[in-house]
Amino acid sequence: MSFPWAEVYRPKNPLMRWVDERLPLPRLVYNAVGKGYPVPRNLNYAYNFGVLAGLALVIQIVTGIVLAMHFEPSAAGAFASTEHIMRDVNSGWFLRYAHSNGASFFFIVTYIHIFRGLYYGSYKAPREMVWLLGLVIFLLMMATAFMGYVLPWGQMSFWGAKVITGLFGAIPVIGEPIQTWLLGGFAPDHATLTRFFSLHYLLPFVIAGVVILHIWALHIPGSTNPTGVDVKTPQDTLPFHPYYTAKDGWFAGLCITLYAAVVFFWPNFLGHADNYIPANPLSTPAEIVPEWYFWPFYAILRAFTVDFILPAKLWGVLAMFSSILLLFFLPWLDKSPVRSGSYRPKFRIFFWVLIADVAVLGYCGGLPAAEPYVMLSQVATIYYFAHFLIILPILSMVERTLPLPNSISESVLHGEEAEAAPIDLGDATPAKA
Amino acid sequence: MAAVELDEGAAPAADGDGIRRRDFINIAAVSAAGVGGLALLYPLINQMNPSADVLALASIEVDIAAIEEGQAIKTIWRKQPIFIRHLTTAERAAADAVDVSSLRDPQTLADRTVEGHRQWLITLGVCTHLGCVPLGAAEGENRGEYGGYFCPCHGSHYDTAGRIRKGPAPSNLEVPEFEFKTDTVVQIG
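Chains as they are written, first to last, in this note's numbering: chain A, 1 to 433; chain B, 434 to 622.
I should point out that these hints are in silico values taken from the structure, not numbers from a laboratory. Even glycine gets a Cβ: it sits at the ideal position worked out from N, Cα and C. Mixed in with the good hints, there may be bad ones.
Computed from the model, here is a short list of chain A residues facing chain B with C-beta under 7 Å [unchecked claim]: (1) V19; (2) E21; (3) V66; (4) N90; (5) S91; (6) F94.
Bound conformation, chain A alone:
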């Protein structure tokens, strides 16, 4: 599963040779993240975020296993045991802040990773399966993060659980029985908390499994690169180790520094103060918002305010789920044979407009549902769907793309500055894939 010029694993140490003949695990590692995996030599820093997401998953699993040793999954004890972790358990405050902010960092790096894929056309053939598996991971992450946020059993936890399971209540006829089934009652209570705890512990390992499939699928064609041009010769690649292990290591160090700064100095900056109030089924907080990483989707949910054939509530739920399910069709919506946004001048503009659009949705999703933010969410929601369903299909038909370099090495050798840029901007002949 690699280029023909990949280094072959030849252990010198007799013990490693003995192991390799019986269980070729060292060979697997060598071919996956070692000298045996050739990678395009022109990857920029945007390509570091996949490794960072993997690191975030490891941090979440390690801190999570440790927190589960002290957490009490019961309606009566969850809030108190969370405070027990913060005050009594040795280093408990650190472990919990590392876990709660770890979730935020996991989403930050994942969103950058997804947008990098959108910009460089990483979802296009032959990498559709990589993209689809990535979306499965994203959905699992959202489910895991939501259930994790319910566990401390504060006000936001409780009302978050109520509102999100209420989404299923929007489904006609079977909606309410489904909501009751999800909650194990008529409102969030002990049964909800215990099942969420069980699943919150399970799903990260499911994610780890899908991550392995994601990487497996990636390693068949290999990574894309900023030019989007296929690897052709050994001059186009460098071995993963030491070149990309070193680069990933350095960049991970930088990002962990930022993460540590938040954990130690602004641990509650990304959280909500109301979640330090114990859950109260009789009083909804004045302003109820999900965690920041759900804000764009929350804005789409709330953008539907008028009944039109279907009830507004159902439209909101459908739109919110569609906004993600839509991405599963992206490889077939964007038909342009040119992968990289660097060679698609019009696509590039719309890409940045989409980023701004998602930022607006996120901004509105974090604010109370009042004008002008509702109107703004509605416009931004329409644009979001238009981007994928109208703009991308039309662009891929009409856009005049810029000429692609003949090879990765040619693009690299013609200058550090212009590694990802078109060779000759003046010569605007359509590119061949």
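Following the hints, put chain B in place on chain A, whose structure we already have.
The following block gives chain B in isolation, referenced to the frame of chain A:
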């Protein structure tokens, strides 16, 4: 990359022993990551030690005014049973009569009690063999062949000073740290 490799070829290490700047950076970076990773193990391991609320319950005060001579009570300290026994004069005499050098775990009664309160034998109610609770503290329980405590799990006999006399236990019943606050109140731990 090509440029860097050229530099290496053109300018070998200044000190001549073949150590390049890059070797130093490599070792420094990997060491820093290694030390950082090891430092992270500390909170991950230390979190399993007793937490602050557990340690806060590590010391208790017991009122012993109501314990008659010859009686014993069981109480709980650090989630473990504690035996507080008001020894009779006969029991003290029996304990003092033993030749200490003949014991498996040589201790006198005086070693195990405090000056001025020699009649109070305070021990953990945990057999030193495998941790069962010995009998003999409550009225009517089997006190074993030496009139102290008897562990029913594997048959260890303790005498009136809580010393191991017969059976598999390796040492005497443990005496916790304690202090008499007044004549009738003892603080354990």
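Now the hints, each set against the structure:
1. Residue-level restraint check for V19 (chain A) is violated (minimum Cβ-Cβ distance to chain B is 24 Å; threshold 7 Å).
2. For E21 (chain A), the interface hint is violated, the least distance from its beta-carbon to any beta-carbon of chain B being 30 Å, above 7 Å.
3. Annotation: interface hint on V66 (chain A) holds; nearest CB of chain B at approximately 6 Å, less than 7 Å.
4. A least Cβ separation of about 5 Å between N90 (chain A) and chain B falls short of the 7 Å threshold, and the interface hint therefore holds.
5. A least Cβ separation of about 3 Å between S91 (chain A) and chain B falls short of the 7 Å threshold, and the interface hint therefore holds.
6. About 5 Å separates the beta-carbon of F94 (chain A) from the nearest beta-carbon of chain B, less than 7 Å, and the hint is met.
Comparing the model with each numbered hint stated earlier shows that hints 1 and 2 do not hold.
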